[in-house]
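We have chain A already, so just place chain B on it with the hints.
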Amino acid sequence: MNKNSDFEKLQRRVFLAYQQDGILDLLVGINATGFALFMLTDSVVFLSFGAMSAILYILLKQRITIPRFGYVDFGRDRTVSHRLTILVGIGALVFITFLAGAILPRMNPSPATKALLDQYHMVIISGMVFGLPCAIVALLLGLSRFYLYALLAVGLPTLGGLFGTETYLPMLTLGLLVTATGIWLLAKFTQRYPRDEEAGSGVRG
Amino acid sequence: MVSADKDLQPIADLDRTIHSPARLMILAYLAAVDRVDFIFLMNQVGLTRGNLSSHLTTLEEAGYVSIQKEFVDKVPRTLIRLTDQGRDAIQTYREQMRTVIDELLS
Numbered sequence: 001m002n003k004n005s006d007f008e009k010l011q012r013r014v015f016l017a018y019q020q021d022g023i024l025d026l027l028v029g030i031n032a033t034g035f036a037l038f039m040l041t042d043s044v045v046f047l048s049f050g051a052m053s054a055i056l057y058i059l060l061k062q063r064i065t066i067p068r069f070g071y072v073d074f075g076r077d078r079t080v081s082h083r084l085t086i087l088v089g090i091g092a093l094v095f096i097t098f099l100a101g102a103i104l105p106r107m108n109p110s111p112a113t114k115a116l117l118d119q120y121h122m123v124i125i126s127g128m129v130f131g132l133p134c135a136i137v138a139l140l141l142g143l144s145r146f147y148l149y150a151l152l153a154v155g156l157p158t159l160g161g162l163f164g165t166e167t168y169l170p171m172l173t174l175g176l177l178v179t180a181t182g183i184w185l186l187a188k189f190t191q192r193y194p195r196d197e198e199a200g201s202g203v204r205g
Numbered sequence: 001m002v003s004a005d006k007d008l009q010p011i012a013d014l015d016r017t018i019h020s021p022a023r024l025m026i027l028a029y030l031a032a033v034d035r036v037d038f039i040f041l042m043n044q045v046g047l048t049r050g051n052l053s054s055h056l057t058t059l060e061e062a063g064y065v066s067i068q069k070e071f072v073d074k075v076p077r078t079l080i081r082l083t084d085q086g087r088d089a090i091q092t093y094r095e096q097m098r099t100v101i102d103e104l105l106s
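Same order as they appear, the protein sequences are chains A and B. Going by our numbering, the first residue of the first sequence is number 1, and it counts up by one from there. Going by our numbering, the first residue of the second sequence is number 1, and it counts up by one from there.
Bound conformation, chain A alone:
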């Protein structure tokens, strides 16, 4: 039995508070924006937003979250199992998406299916690459706003397909919306937890 099992509720509350800084939202938003810009320009430079956002995530956590909220080590069990589940889940989804992308055109679909795929292919791509990972994050970390992002990742491309907009537009809208939410949460977080320069020294300081 986990030594912390009796305090699971408290641990969960702390974990949720730790994720209210909006930095995870920024990570998702920047990735979606980069993906949209890649679709718009065909420039692979924008795909590097993924790596950039990961570096940004670590930097912001170290420079903003920890000095204000404080440092918390949740213990190896929780951290490793969550990271592994999320990584394996997202990896599997990306793999399935690429596999589907490679197989579907070779299956000689009927003209009606082909037309439907042409019109709504972004729903599948966006759903797999952003929707499901957001839903996994929401489920595992208990961050309910990520359910909304998952819904938007499917809903916006569906609307885009219905109205025949450019395929990058729903993705760009999603990216900008999530990034803006991340910035707003980060601003709220910095107001709620102002930086205390002296607090670090603590006991016998």
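Source of the hints: derived by calculation from the structure; they are not laboratory data. Hints are supplied without guarantee of correctness; some may be wrong.
What the hints assert, rightly or not - Chain B regions said to be covered by chain A (calculated; three or more residues, Cβ under 8 Å):
1) 20–32
2) 40–48
Stated by the list, open to error - In silico SDA-like cross-links for lysine to any residue, where the CA-CA straight-line distance does not exceed 25 Å:
3) A:Lys9 x B:Lys74
4) B:Lys69 x A:Lys9
5) A:Lys188 x A:Leu37
6) A:Lys61 x B:Asp34
7) A:Lys61 x B:Ala31
8) B:Lys74 x B:Met42
9) B:Lys69 x B:Ala22
10) A:Lys9 x B:Arg87
11) A:Lys9 x B:Ala22
12) A:Lys188 x B:Gln44
13) A:Lys9 x B:Gly46
14) A:Lys9 x B:Arg94
What the hints assert, rightly or not - Ranges of calculated distance between the beta carbons of each label pair, as one might list FRET restraints:
15) A:Asp196 x B:Arg87: 26 to 32 Å
16) B:Leu14 x A:Ala54: 47 to 53 Å
17) A:Leu159 x B:Thr48: 49 to 55 Å
18) B:Asp15 x A:Thr158: 58 to 64 Å
19) A:Tyr57 x B:Gly63: 36 to 42 Å
20) A:Leu47 x B:Gln85: 51 to 57 Å
No experiment lies behind these values; they were computed from the predicted model shown. Built from N, CA and C at the ideal position, the CB exists for glycine as well.
Structure of chain B alone, referenced to chain A:
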């Protein structure tokens, strides 16, 4: 001195180091996670730097927490962790409190 009434004896036996709202909160947070720093506890428990420092010293002297200092990018960081003795003390305290409440309500 607490009443010598046998039924209320568990109240007298309560660990006074833990039986203080601030220290109990500190220990609960430390029991929930692996280790935390001073800023985190200040934010969560809502104590001033001086008060928190004083409570942590009490807990450290009782052997319930261990306190380590380190430097991250030349900035001092105080890390606090619950010791095994502290974990046992919380468990004992919970059992004692349960007994007290059961005794009072029975």
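C-beta pair tyrosine 57 of chain A, glycine 63 of chain B: status relative to the range 36 to 42 Å that was hinted: Once the Cβ atoms are compared, 38 Å apart, the range 36 to 42 Å for glycine 63 of chain B and tyrosine 57 of chain A holds.
Quick one, are lysine 9 of chain A and glycine 46 of chain B close enough, alpha carbons at most 25 Å? holds, 19 Å
Supplied distance hint 47 to 53 Å, evaluated on CB atoms of leucine 14 of chain B and alanine 54 of chain A: holds, 49 Å
Is the straight-line distance between the alpha-carbon of lysine 9 of chain A and that of alanine 22 of chain B 25 Å or less? Given pair lysine 9 of chain A, alanine 22 of chain B holds - Cα atoms ~19 Å apart, limit 25 Å.
Please count how many residues of the region 20–32 of chain B have a CB within 8 Å of a CB from chain A and say whether that reaches 3. holds (count 4)
Proposed proximity, leucine 37 of chain A with lysine 188 of chain A (alpha carbon, max 25 Å): Not OK: lysine 188 of chain A and leucine 37 of chain A at ~28 Å, beyond 25 Å, violated.
Quick check: the region 40–48 of chain B, covered by chain A? Criterion 3+ residues, Cβ under 8 Å. Since 5 is at least three, the answer is holds.
Is the straight-line distance between the alpha-carbon of lysine 9 of chain A and that of arginine 87 of chain B 25 Å or less? Holds - the C-alpha atoms of arginine 87 of chain B and lysine 9 of chain A are around 17 Å apart, at most 25 Å.
Looking only at beta-carbon atoms, does the pair aspartate 196 of chain A, arginine 87 of chain B fall within the given range of 26 to 32 Å? Cβ of aspartate 196 of chain A to Cβ of arginine 87 of chain B: about 29 Å, so the range 26 to 32 Å holds.
Between aspartate 15 of chain B and threonine 158 of chain A, is the Cβ distance one that fits in 58 to 64 Å? Cβ of aspartate 15 of chain B to Cβ of threonine 158 of chain A: about 60 Å, so the range 58 to 64 Å holds.
When you check the alpha-carbon spacing of lysine 188 of chain A and glutamine 44 of chain B, does it fall within 25 Å? holds, 17 Å
Is it true that the CA of lysine 69 of chain B sits at most 25 Å from the CA of lysine 9 of chain A? Violated, at roughly 29 Å.
The structure fails hints 3, 4, 5 (numbered hints given earlier, in ascending order).
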